[in-house]
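Enquirer: Given chain A's structure and the hints, the job is docking chain B onto it.
If you want the building blocks of each chain, they are given just below.
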Amino acid sequence: MQEMHERLLACLPRLRRYARALTGDSASADDLVQDTLERGWARIAQWRPDGDLRAWLFGIMHNLHVDQLRRSPPPAVALDDGDLPAAPLAESLGLRDLERALQQLPPAQREVLLLVALEEMRYEDVAATLDIPLGTVMSRLSRARENLRRLMAGQPPAASLKVVK
Amino acid sequence: MNEAELQAWVDGRLPPDRQAAVDRYLADHPAEAARLQAYREQNAALHALFDDVLDARIPDALQPPPPGATSTPGSPGTGGEAAMSRSSAIPAWRRMAAMLAVAVGAGVIGGAAGWTLRGAGTDSGTGSMASGASQALATLPREAAIAHAVYTPEVRHPVEVGADQQQHLVAWLSKRLGKQLRPPQLASQGYELVGGRLLPGDSGPVAQFMYADAGGQRLTLYVSSGQKQNRDTGFRFAQEGNVGVFYWIDGSFGYALSAAVGKKELSQIANAVYEQLQPN
Chain A
0 MQEMHERLLA CLPRLRRYAR ALTGDSASAD DLVQDTLERG WARIAQWRPD
50 GDLRAWLFGI MHNLHVDQLR RSPPPAVALD DGDLPAAPLA ESLGLRDLER
100 ALQQLPPAQR EVLLLVALEE MRYEDVAATL DIPLGTVMSR LSRARENLRR
150 LMAGQPPAAS LKVVK
Chain B
0 MNEAELQAWV DGRLPPDRQA AVDRYLADHP AEAARLQAYR EQNAALHALF
50 DDVLDARIPD ALQPPPPGAT STPGSPGTGG EAAMSRSSAI PAWRRMAAML
100 AVAVGAGVIG GAAGWTLRGA GTDSGTGSMA SGASQALATL PREAAIAHAV
150 YTPEVRHPVE VGADQQQHLV AWLSKRLGKQ LRPPQLASQG YELVGGRLLP
200 GDSGPVAQFM YADAGGQRLT LYVSSGQKQN RDTGFRFAQE GNVGVFYWID
250 GSFGYALSAA VGKKELSQIA NAVYEQLQPN
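Respectively, the protein sequence lines represent chains A and B. One point on numbering: in numbering that gives the first Met the number 0, the residue at position 81 of the first sequence is 80, and numbering is uninterrupted. One point on numbering: in numbering that gives the first Met the number 0, the residue at position 107 of the second sequence is 106, and numbering is uninterrupted.
The shape of chain A in the complex, shown without the other chains (with noise of 0.2 Å):
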């Protein structure tokens, strides 16, 4: 009983953290972790004891995600080059520039990307997790890590990417 309880206590912060960084703001994380759990919380007859209960609930964390995009995807606009830093500044940008930049990534990119680098999951898990081929977290992976890193070099991002407001 106990033990269970615990696995759920260790999972939260992982959650939170990953609902964090994929939303970019603290309300939405903490309202994308409540429906995730009160999803689990219905469907907890379909989880199995000797699954993986993290990998159960990012995946009810990612459909909720999706749906919610879907039914009121954010005002966007696309990115010119006069959204982007003059020079290059990577030396001095800091987190912050970091955390705007992640958020220009488009979402499947940005997913993967967070599930590899914060969650540190290994990519079968992402691809089990997302419900997504191997070599579609590959790609994705790829293009996430090379978009961020134009975009804090003050370079055009290679694929067509999203301004949030």
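None of these hints come from the bench; they were simulated from the model. Please read these numbers as outputs of a predicted model, since none were measured by experiment. One or more of the hints may lead you astray.
To be verified - Some chain A residues close to chain B (C-beta under 10 Å, calculated; not the full set):
id, residue
1, Leu-11
2, Arg-13
3, Leu-113
4, Val-115
5, Ala-116
6, Glu-119
7, Tyr-122
8, Arg-144
9, Leu-147
10, Arg-148
Unchecked claim - Now the in silico label distances, taken between C-beta atoms and shown as ranges:
id, chain 1, residue 1, chain 2, residue 2, range
11, B, His-167, A, Glu-123, 50 to 58 Å
12, B, Arg-17, A, Ser-138, 16 to 24 Å
13, A, Arg-42, B, Glu-31, 39 to 47 Å
14, B, Ser-173, A, Gly-23, 41 to 49 Å
No residue lacks a Cβ here, since even glycine has one placed at the ideal position from N, Cα and C.
Expert: Structure of chain B alone, referenced to chain A:
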């Protein structure tokens, strides 16, 4: 050198021989080395940016969404949605933790679609639920044990209203349950009242009183209203994991005393509780 291998190098996911092969490749390709190094720095920077969330206190307000939100209608187990005001709802994750714990303990997960707290009274977990009185009798100790397991580990917020406001506590819970409640005094058993809280129960609001002894051992008395079978029972005992539960029904109220102590010790306390609850 394929891109997937280079990505795996960034994350340190390659077997040693491949890691070394990429190292050699990068020694000859400085632009690629710089690119991959930037990716490694991204990993570190993302941790620097977000890891503080890991240590942040979990807000108490991880509560179910308000009525009408997408994910709650039909949520099993709480019963009496009307009683689920935001202030009294158990935060979602705690409820889920307790569900998981009990479900695993009873071995009912796995193919038992639609498993609910309400239906958890039988060992099989599905189907063939006995109805009426025996069902209520079966769910009472489990509900009480869940509530016990959820709240007794709480350090900061074990109760909603502390024993220092006992008058308010008693008046509040009595009003919500529609019965004049008197939390038993268990000092002669070594337990002091810590306080109480209101919970949603299967058949209506539930009051939970919490006690602790000098060693920090916690004891909960779960008082459930709206027992419909309306017949009295003697003491019964159930063991839910490491939590022992003595329970009985008195008129329309169900009582359950839970603690992780031996059956004998718990039975002595249960007797004291029972005696004090009798009208003088």
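Enquirer: Against the structure, test the hints numbered earlier, and report the numbers of the ones violated in rising order.
Expert: Checked against the structure, no hint fails, so every one of them is satisfied.
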